[in-house]
Amino acid sequence: MYQQLAWQITVALTVVLGLVFAFIALNAGKWTEYAPLQMRAYRLRTGFFWTLVLLLTPVLVYSMSELPYDAAHRHPGNKPQVIDAVGYQWYWILSSNEVTVGRPVEFHVTSGDINHGFGIYDQDMRLVGQTQAMPDYVNKLQLVFRKEGTYKVLCMEYCGIAHHNMLAEIRAVAPTPVPSEDNK
Amino acid sequence: MSVLTHTSPRAGATAGVLAYLVSAGAILLLMMVFGLAMRLEQAQIISIGANRFYELMTLHGIGMVGVAALGGAAIMWHFLRQYVQLSPALFIANLVLFLLGVVLILVGVLWGKFAGAWTFLYPMPGHSMGVWDNDAAALFMVGLLLIGTGFLLLYLDVARALIGEYGSLAHALGWPQLFLGKGKYGPPPTVVASTMVLIVNTIGIVSGASILLMMLINLYFPRFTIDPLLAKNLIYFFGHVFINATIYMAVIAVYEILPRYTQRPWPSNRVFLAAFTASTVLVIFIYPHHLLMDFAMPRWMLIMGQVISYLNGLPVLVVTMYGALTIIYRSGIKWDMASGLLLLSMFGWAAGVIPAIVDGTIVINHVMHNTLWVPGHFHTYLLLGMIAMVFGFMYYLANGSRHVRAGMLDRLSFWAFAAAGMGFTFAFLYGGLSSVPRRYAVHLPEWLAYDRIASVFAAVVIAAALVFVVRFASRLRTARGGAT
Ligand code: HEM
Ligand SMILES: [Cu+2]
Ligand SMILES: [Cu+2]
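Chains as they are written, first to last, in our numbering: chain A, 1013 to 1196; chain B, 1331 to 1814.
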């Protein structure tokens, strides 16, 4: 889960950073000639720079291999269910509130007034995906609902004094065993 | 007590610098109390209601950005004056315009009930659902325009002074040294940093002013509409650049004060110059990372947003943080409140860069954008970074620009500030981990525990900040006179 990953990376690196600062602070009181130390520090810095570059570049490239914008191309042959979602102060209008578990859904998200944010939360209130809902533009968000049950739509962009009350629900149901048009 | 050498002839601060810092300190404390009130409301310990919550959120956001700008400008102006001739009149004019703007904003929010957040995202100011009217929104936006105008004047003066002294902005950025190999060292770090800030922030303020003007017209002539995506781009460009510029102004305190404490130079060598030239470009082109969830944006801009988010951390970490650590290591430095807070500020800035880069990753942003992760990362580098720089500068002046051993209360406050500050920001980050949306007046029951812990941390932070600000305010005479 990306949230977990983000948290772990952040905590780990912050601890490392804290240790480095503590080490420097604890070794600051003694005095050493600066010139030789500076030379060593500059050499080390080059190493530090390249380490960062070597660590970040693969992460950067790898993290871009599957962007949420391209979700549509990820399920060839599985025609997504399309749901229109329009945000208003302060409610959502969805063209359907029911989706099928495992079948991709494409939300066509826009707004009838001002900027909102269309965020989908699973049964554990974990954010599984979002896009902005803005006037004059349609943002297409593709998601696959994995679990049966009720998902929630929350507003993710501040839109005035009832922003926190802008809720909608989406029911994810198991696929019907009867062969549907999908299988043709 | 050892009087530091290297101090400029004008070690004491001008009355103008002190007026900036006193204003910043007072507004800071008030805004922190508003912040605590928001946290307490989310924790359901107090109940002020959603309307009041969002009014306070609007004031806290714009007020804190203003505090950062005032504090940063005071630092930049104080030190830059050693190298170039700045106009004290324009410096004061900026403060006057600022305070006028603050009055308009306060009236717009507290009397007019404007609660459109400091980002005044178009077209919300004109669509309040009857909560505030157009005049309230206009008061807020005109207030912002006044503040922007003041800073624009200040930067124009800085530009005039730098060009007068160095010939051109390219020279002030050290390009002859960087690109043409003319000499080993460029202009002093303070000059280079000020040049970078003046370039990016002038562009930022002009963009901000243009969208504000368009929106003011739209308020009263709704048939004049604005493309909402263009408006978003302009607003976030302005917001990102403006708040970032405050840090690059404040970090001048680190470049100037740590060398005095350690008796070691902060050289403006080619690596330093390259870092600032890079930052000048990166700070301008990074802003699309605020728009990663606007799928309608051109794809290349969003990818650029992530790539530059990663790159932008490099100069900060490899040059400024690393430089501060190098200059301190085995320097025999005598710690006091000023040097301690400046070291803390380096930690805060670097620590804030980590969750910022994480969130600048598109796939992560997809599930963390506009959650509490966002205030989590920026409070880390604003509260523990930027504001710690301002506090460090305040102590430096209050101690007469020299080393003074810290007393018990100050030391206690330092550690309380550092520890509770970390606790406070990590409670936000934990909220991001738990998918709590930002800017929610009402939280679900399962989120309350962290809101409550954060409230305790926030109260401790405020107590420490109160000690810092009162200490400074009670030593204005020393600050004015410099070393006695
Ligand atoms: C005791 C210290 C502080 C407390 C208790 C505090 C509290 C808060 C809270 C509760 C929020 C709203 C979070 C949400 O979205 O739910 C917030 C937002 C914010 N804070 Fe702070 N804060 C503090 C210090 C600072 C400092 C030092 C700065 C900058 C220099 C700052 C700048 C901001 C900004 C720009 C926002 C965004 C407002 C918005 O979303 O429109 N804060 N703060
Ligand atoms: Cu909304
Ligand atoms: Cu909303």
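It is worth saying that the hints were derived from the structure and are not from the lab.
The beta carbon of each residue, even a glycine, is placed where N, CA and C say it ideally should be.
Each hint should be verified, as a subset may be incorrect.
Said to hold, decoys possible - Per the computed footprint, the stretches of chain B lying under chain A, defined by three or more beta-carbons under 8 Å from a beta-carbon of chain A, are: (1) 1389-1395; (2) 1416-1423; (3) 1432-1439; (4) 1647-1654; (5) 1692-1703; (6) 1725-1733; (7) 1796-1805.
To be verified - Going by beta-carbon spacing under 10 Å, a handful of chain B positions derived as facing chain A: (8) 1445; (9) 1570; (10) 1597; (11) 1641; (12) 1659; (13) 1740.
Stated by the list, open to error - Pair by pair, the computed Cβ-Cβ distance ranges are: (14) A/1057 to B/1459: 32 to 40 Å; (15) A/1161 to B/1540: 54 to 62 Å; (16) A/1061 to B/1440: 45 to 53 Å; (17) A/1024 to B/1547: 19 to 27 Å; (18) B/1664 to A/1023: 49 to 57 Å; (19) A/1161 to B/1426: 39 to 47 Å; (20) B/1440 to A/1056: 51 to 59 Å; (21) A/1017 to B/1514: 40 to 48 Å; (22) B/1378 to A/1062: 28 to 36 Å; (23) A/1074 to B/1440: 30 to 38 Å.
The hint says 49 to 57 Å between residue 1664 of chain B and residue 1023 of chain A; measuring C-beta to C-beta, is that right? 33 Å, violated
Restraint check, 10 Å cut-off on beta carbons, for residue 1570 of chain B near chain A: Nearest chain A Cβ about 17 Å off; hint violated.
Taking a Cβ-to-Cβ distance below 8 Å as contact, does the stretch 1647-1654 of chain B have at least three residues touching chain A? holds (count 3)
For the pair residue 1161 of chain A and residue 1540 of chain B, does the Cβ-Cβ distance stay inside 54 to 62 Å? 48 Å Cβ-Cβ, so the 54 to 62 Å window is violated.
Check of the stretch 1416-1423 of chain B against chain A for coverage (Cβ-Cβ below 8 Å, three residues minimum): Contact hint for the stretch 1416-1423 of chain B vs chain A: violated, 0 residues under 8 Å.
Minimum beta-carbon distance criterion (10 Å), residue 1740 of chain B to chain A: 17 Å, violated
Have a go at the residue 1445 of chain B hint: is there a Cβ in chain A nearer than 10 Å to its own Cβ? With Cβ-Cβ at 6 Å, under 10 Å, it holds.
Regarding the hint that residue 1597 of chain B lies at the interface with chain A, is the smallest CB-CB distance below 10 Å? 9 Å, holds
Residue 1074 of chain A versus residue 1440 of chain B beta-carbon gap, inside 30 to 38 Å or not: 49 Å, violated
Agreement of hint residue 1641 of chain B with chain A interface, Cβ distance less than 10 Å: 9 Å, holds
Given that the stretch 1796-1805 of chain B was listed as covered by chain A, double-check it with a C-beta distance under 8 Å for 3 or more residues. violated (count 0)
Using the beta carbons of residue 1017 of chain A and residue 1514 of chain B, state whether their distance is inside 40 to 48 Å or not. 44 Å, holds
Going through the hint list in order, the structure does not satisfy hints 1, 2, 3, 6, 7, 9, 13, 14, 15, 17, 18, 19, 22, 23.
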